[in-house]
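Novice: For reference, the chains in residue letters:
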Amino acid sequence: DIVMTQSPDSLAVSLGERATINCKSSQSVLQGSNNKHCLGWYQQKAGQPPKLLIYWASTRESGVPDRFTGSASGTDFTLTISSLQAEDVAVYYCQQYASLPWTFGQGTKVEIK
Amino acid sequence: EVHLLESGGGLVQPGGSLRLSCTASEFTFSNYAMNWVRQAPGKGLEWVSLISSSGGSTYYADSVRGRFTISRDNSKNTLYLQMNSLRAEDTAVYYCAKRKTSEAVFDSWGQGTLVTVSS
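Protein chains in written order, with this note's numbering: chain F, 1156 to 1268; chain W, 18 to 136.
In case anyone wonders, no lab produced these hints; they're calculated from the structure.
Model, not experiment: these values are computed from the prediction.
Mixed in with the good hints, there may be bad ones.
Claimed, not checked - Here are the simulated lysine to aspartate or glutamate pairs, EDC-like style, with alpha carbons at most 20 Å apart: (1) 1206(F) / 79(W); (2) 60(W) / 1216(F); (3) 1206(F) / 43(W); (4) 1191(F) / 1172(F); (5) 1179(F) / 63(W); (6) 1264(F) / 63(W); (7) 60(W) / 1266(F); (8) 117(W) / 1216(F); (9) 1191(F) / 120(W).
To be verified - With beta-carbon atoms standing in for the labels, derived distance ranges: (10) 45(W) / 1167(F): 39 to 47 Å; (11) 1173(F) / 72(W): 41 to 49 Å; (12) 1240(F) / 136(W): 40 to 48 Å; (13) 27(W) / 1183(F): 25 to 33 Å; (14) 84(W) / 1217(F): 22 to 30 Å.
Beta carbons are placed, not taken as given, at the ideal position from N, Cα and C, and that holds for glycine.
Build the full structure now, drawing on both the sequences and the hints.
Specialist: Below you can see the structure in the form of C-alpha cells.
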C-alpha cells in the first residue's frame, strides 16, 4: 500500500497569512499515461463531511477559491492557502489515487493564531 | 446539486451485522462508480470499498475484505454496504462518496451514518 504522510499535524496561522501543508507519498503516484500526479486534497470542517479541493495535485475543483493552490515535486506535495480566512479552519487531508487501496494522509489541522 | 443520504447506522454487538444504504439524487447514479469511506471517532479517513458504475466490479480494503459486501441497485439509485462479523475497530462514521468521472477522487459526499460496535 502507498503510505501518505502529512506534516505538520497541526499549525496555527494568523488571518491573512500563508498556510502550507505538506504531504509525502511512500512511492511515486505519477500516472504514466498523462504524466500527472494522482493526488487529491480535501478540507473537512468540524461536523461536516470532507470536501474536495484539488485533484491531479494542482487542479482546483470547481468553486474552490483561488487562494488554495496545490503543487508537486516527485513524491512531495504541498497545499498552500495564500491568505488564511476564518472559514478555512479545518482539517486537511491528502489522498493518493494511483493504486488501490486508495489511501489518505493522517490529516493536518489548521487553526487561527 | 448532488445529494447523497446514508442510513442504517446504529449500535451493534461485536460479531453482528448491519446494512448501510445510500440514496442518491440529482445526478445520473448509474453513470458513476461509488465508494464507502469511513472515519473512526477523532481519527482520519479510510477508504473502505469501491463499486463500478454497473456493479460488475468491486474492491475492498484489506481490513474489511471477506466481511463487508458493497452492492448497488441502479433502478433505485441506491448504494449498499452489508457489514458482517463486525468488530470494535469498525466503529466509525461511514460516508458514501461519489467518484469523479475520470479521476479516483471523491467529489461528493453524504453526511455519514455512525456505526458503533460495542457490547
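Novice: Look at each hint and say if it fits the structure.
Specialist: Evaluation of the provided hints:
1. 1206(F) / 79(W): violated, 25 Å
2. 60(W) / 1216(F): The hint is violated at about 25 Å.
3. 1206(F) / 43(W): holds, 18 Å
4. 1191(F) / 1172(F): violated, 29 Å
5. 1179(F) / 63(W): This hinted pair holds, its Cα atoms lying about 17 Å apart.
6. 1264(F) / 63(W): holds, 17 Å
7. 60(W) / 1266(F): holds, 17 Å
8. 117(W) / 1216(F): Measuring from Cα to Cα gives roughly 11 Å; hence the hint holds.
9. 1191(F) / 120(W): OK: residue 1191(F) and residue 120(W) at ~11 Å, within 20 Å.
10. 45(W) / 1167(F): 39 to 47 Å: holds, 43 Å
11. 1173(F) / 72(W): 41 to 49 Å: holds, 45 Å
12. 1240(F) / 136(W): 40 to 48 Å: Taking Cβ atoms as reference, residue 1240(F) and residue 136(W) lie about 45 Å apart, which means the hint holds.
13. 27(W) / 1183(F): 25 to 33 Å: Since the Cβ atoms of residue 27(W) and residue 1183(F) sit about 42 Å apart, the hinted range of 25 to 33 Å is violated.
14. 84(W) / 1217(F): 22 to 30 Å: violated, 37 Å
Taken one by one, the earlier hints fail for this structure at numbers 1, 2, 4, 13, 14, listed in ascending order.
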